[in-house]
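*Asks:* Residue-level listing of the chains:
Number of protein chains: 2
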Amino acid sequence: MKPIQVGLLGIGTVGSGTFHVLQRNQEEIRRRAGRGIEITMVADLDVARARSVVGDQVQVVNDARAVIANPDIDIVIELIGGYGVAKSLVLEAIAAGKHVVTANKALLAVHGTEIFAAASAKGVMVAFEAAVAGGIPIIKALREGLTANAIQWIAGIINGTTNFILSEMRDKGLDFDVVLKEAQRLGYAEADPTFDIEGVDAAHKATLMSAIAFGIPVQFDKAYVEGITKLSAADIRYAEQLGYRIKLLGITKRAANGIELRVHPALVPAKRLIANVEGAMNAVMVQGDAVGTTLYYGKGAGSEPTASAVIADLVDIARLHTADAAQRVPHLAFQPDEMSDAPVLPMSQVVTSYYLRLSVSDEAGVLARVTGILAGAGISIDAVLQREADEVGGEGSTHTDLIILTHDTVEGTMDRAIAEMQALPTVLAPITRIRKEELA
Amino acid sequence: MKPIQVGLLGIGTVGSGTFHVLQRNQEEIRRRAGRGIEITMVADLDVARARSVVGDQVQVVNDARAVIANPDIDIVIELIGGYGVAKSLVLEAIAAGKHVVTANKALLAVHGTEIFAAASAKGVMVAFEAAVAGGIPIIKALREGLTANAIQWIAGIINGTTNFILSEMRDKGLDFDVVLKEAQRLGYAEADPTFDIEGVDAAHKATLMSAIAFGIPVQFDKAYVEGITKLSAADIRYAEQLGYRIKLLGITKRAANGIELRVHPALVPAKRLIANVEGAMNAVMVQGDAVGTTLYYGKGAGSEPTASAVIADLVDIARLHTADAAQRVPHLAFQPDEMSDAPVLPMSQVVTSYYLRLSVSDEAGVLARVTGILAGAGISIDAVLQREADEVGGEGSTHTDLIILTHDTVEGTMDRAIAEMQALPTVLAPITRIRKEELA
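Line order of the protein sequences matches chains C and B.
Heads up: the first sequence begins at 1 in UniProt numbering, then just goes up one per residue.
Heads up: the second sequence begins at 1 in UniProt numbering, then just goes up one per residue.
Some hints could be false.
Given that identical chains are not distinguished, each listed pair holds provided it fits within a single copy or across any two copies.
Pairs of lysine-lysine, DSS-like flavour, derived with a Cα cap of 30 Å [claimed, not checked]:
#1 87 <-> 122
#2 2 <-> 271
#3 2 <-> 230
#4 230 <-> 172
#5 230 <-> 122
#6 87 <-> 271
#7 2 <-> 172
#8 181 <-> 122
#9 122 <-> 2
#10 222 <-> 87
#11 2 <-> 222
Calculated from the structure, these hints are not laboratory results.
Computed from a predicted model, the values in this text were never measured in an experiment.
Using the sequences provided together with the hints, build the complete structure.
*Replies:* Below you can see the structure in the form of structure tokens.
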């Protein structure tokens, strides 16, 4: 059978990796897929760079639409990124009857409903294993490996930049700003790191996993998104003393009245495997009602790890491009006419537990007033850590840190309790609130 | 579309779990698969017990062949186990044109070549996700998720019984025999635990992963198999002092001149995630040339975790049973006419590093003689731990323990060096040799 021909839009880090891996492992991939898979045409604005990557045997153009218009191309890989031109090109490729492979989590988390509908109408596949957790085959695990289960929750370290920063902060006791600069110098953080450190990238990925796990449409606009920029070295240290580590988690959860979808820093018990995922590595925990807890770990970014996921999608398409819709795996795991209308819950309705740090006057009765407010709100306390004043503020200090761990409570209730505590004259600075996830 | 009808052979722990999960999640599974999946007929020698599990709506017989002969049944689940009647029934089901789902690692590791050939000739699928690592979708990850990669090695904790025993031995400082009895009492070990504790079960699973990873036929007879029965509490303690934990690993590896396939206890650096997999949990590390290190973790046994894998296979078959061979994933990941003839290497040609424990006389020159033998064999030493005699044998003792960690060497060379050291008059007891895997 003749090789399936692939066109590549955008040959940066992941595109180069995809080209090189396909070339290096072409025999092994052909022996698995049953036919060759070849990138025969590449579009990139920087034609010279593209040519330097792919050599003379591949057609290089600066116009992505020339790739889409090429009738010999069966599959288009979109690695341009972003919501803009990438969206038009993906929709045009679909309209031209091409299957699409993309690593573009932002595009799918925001415009997935439109894109998947167009693909289904045209009878083509849009595959996106590379969009979540890089080389870890988590989309396949969720969409095919765990089909027996009512998924209960997913919690993942799905952004390598922020995990690297948090690992360094803990390891070296440094503050966020210092470590961010180091991460940028080492190439673990981009020059404009906003999407990573503010949790947006993780929220794109969590949105995709949420849709697949629960059969709901992608709803990035409903996700709660909180980054790591406000975390202090002190919180990481206190968490450690209490037996926890702080990780930026993408969480989606089936609750009684809807679906939770949220990204924020969270205390995780230090003994959990996922708490020990360090540096730029990713890991996703999935809890299913039949299988129990599973975890998937690997490199969440980088040239060849991401290429590994792109090529796995190419092999799937090479097998199934002649199949009918019933023989293919639905884009969002559930059949398009079998999606759920369960709402994504507002953050005020989410139930979780909390770490609170209050900077308080070192005087009698403070703890009683604070715990009185929590008791009044029906929030039960799991642990309290009160530091000696001179440990926190130096000798003769008149303020100290009061750390409280709570049991599960509704976020809206906690919001009100925090407002009430904040109004106490003995509470000297804005209260720090970090959510806590036992992941048991 | 009418539900796909499934016949179940053997309704013990996993069979009951499969029936219950299919029933409990039938709506969710139908919404994913695009059609219902129903167990409509069950065969078990204990008809009364089977009836008590499935109720009145399912046909129960004591003759498995009646299930295979039923023309309404599309898929047969074989959960009888073993090499005997299970083999005949699987082959008869295939001959009758039924797809087969099985959790029977022993059967496939030994007779897989015959069974897969029969299935391919008949155009049916034999699916076996449940045969390796229970609910972890490791077969799917290897066979579909990592198709881009030249797999370099796999190392897995793939037997929950032995991992439970090793965890308890380390945790409580107890010897093997004591913990085995406790494991039997708790139901983590069977009355006859031979297959588990001698490494045979793990070797069945490693054999299947080896075939899928490297495109070689299943060759259980070539696997090196060593269990955990000879491990002492002392070795676990010394390993800990050196920064390692001892795990029973199933390992398969691509070497220059063939494939390694082996099951044995191994020292693993304590900081690796897999070293922290405790109790009856399973985890599999897979190293691919593009993706780097990945890890898959979850419950490796039990009723519903294993059912999760069985049902995932049912959903795959429900999608692909009308597809042609090119559209299906090959049984052993590679197309049947594209298998490799790379040999499975004899253990004497395996390259790894070692932990050695020698009980020696507490006299001058012993260390020099031992290290001299290793140097003469070209084996380089990574670390030495020599205990004070009275710590090992009590006050006034004249013998002590000498612990040596080596760098990589060929097993055959190590065999000869051990024989030479063993012959020294100052070496007082059989030398303990445990392999060491850095898994980096």
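*Asks:* What hint numbers does the structure not satisfy?
*Replies:* 2, 3, 5, 6, 7, 8, 11
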